[in-house]
Amino acid sequence: MPIIEAHVLEGYDNDAKTRLGKALTEAVQLVVPAAPDAITVILHEMPTAHYMRGGTHPTGAPALPDPCAIVREYLAAMEARELERARAMLDKGFVMNFPGASGLTTLDELIAWSKPRYRFVRKTYDGFEALQGDGCAIVYARGTLYGEWPDGTPFQGIRFVDRFEITAGRITRQDVWNDIAEVKAAGQE
Numbered sequence: 260m261p262i263i264e265a266h267v268l269e270g271y272d273n274d275a276k277t278r279l280g281k282a283l284t285e286a287v288q289l290v291v292p293a294a295p296d297a298i299t300v301i302l303h304e305m306p307t308a309h310y311m312r313g314g315t316h317p318t319g320a321p322a323l324p325d326p327c328a329i330v331r332e333y334l335a336a337m338e339a340r341e342l343e344r345a346r347a348m349l350d351k352g353f354v355m356n357f358p359g360a361s362g363l364t365t366l367d368e369l370i371a372w373s374k375p376r377y378r379f380v381r382k383t384y385d386g387f388e389a390l391q392g393d394g395c396a397i398v399y400a401r402g403t404l405y406g407e408w409p410d411g412t413p414f415q416g417i418r419f420v421d422r423f424e425i426t427a428g429r430i431t432r433q434d435v436w437n438d439i440a441e442v443k444a445a446g447q448e
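Under the numbering used here, the residues of the sequence shown are numbered 260 to 448, in order.
To be clear, the hints were calculated from the coordinates, so they are not data collected in a lab.
All of these numbers come straight from a predicted model, not from anything done at the bench.
There could be a bad hint or two in this list.
Claimed, not checked - Calculated pairs, DSSO-like style, for lysine-lysine (alpha carbon to alpha carbon, straight line, at most 27 Å): (1) Lys382 x Lys351; (2) Lys351 x Lys443; (3) Lys351 x Lys374; (4) Lys443 x Lys374.
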């Protein structure tokens with residue numbers, strides 16, 4: 260039964276502490292074969308007056324935003340065609356890669372590329388997973404697509420996985436995999 264103790268400066272809200280406890284629990288499960296209810300996480304909050312580094316009392320940095328919430332908000336903005344809201348979530352060096360289109364850097368490029376492929380597309384989500392990568396948060400969104408082909412014929416049940424990289428609360432990369440081409444090639448339009 261693993262017990263994890265972490266010391267944090269006061270000031271983090273309950274949501275941030277819950278996210279930290281869950282992340283620590285999941286980190287243990289990557290190494291130790293333990294069920295979540297067998298893992299104990301204890302957070303010790305410390306007043307800034309009780310902590311010094313370099314002879315000063317530093318204040319804690321604000322908690323990073325939940326990367327899954329960032330991705331959900333971005334995808335909701337894209338689906339609602341609230342493009343300015345979606346653009347505001349993207350980092351300056353943002354790049355996206357879709358099947359048959361890599362290196363797109365603007366939402367306008369994405370819209371122009373997708374126009375002959377389908378009239379519209381929406382997503383049904385089966386799950387979101389977040390993990391820490393090399394200097395960024397990585398979020399996987401997975402589920403199925405539904406929508407209409409350019410001629411108005413509906414489609415549904417097409418698998419997809421989106422992978423996002425997030426740095427300092429902004430989306431820097433999106434990689435997309437889906438079965439649209441396979442479904443069209445099989446005549447299952």
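Results for each hint:
A distance of roughly 26 Å separates the Cα atoms of Lys382 and Lys351; the hinted pair therefore holds under the 27 Å criterion. Restraint check for Lys351 and Lys443: the C-alpha separation of about 34 Å exceeds 27 Å, so the hint is violated. Of the supplied pair hints, the one linking Lys351 and Lys374 holds, its CA atoms being roughly 24 Å apart against a limit of 27 Å. As the CA atoms of Lys443 and Lys374 are separated by approximately 16 Å, the hinted pair is consistent with the 27 Å bound.
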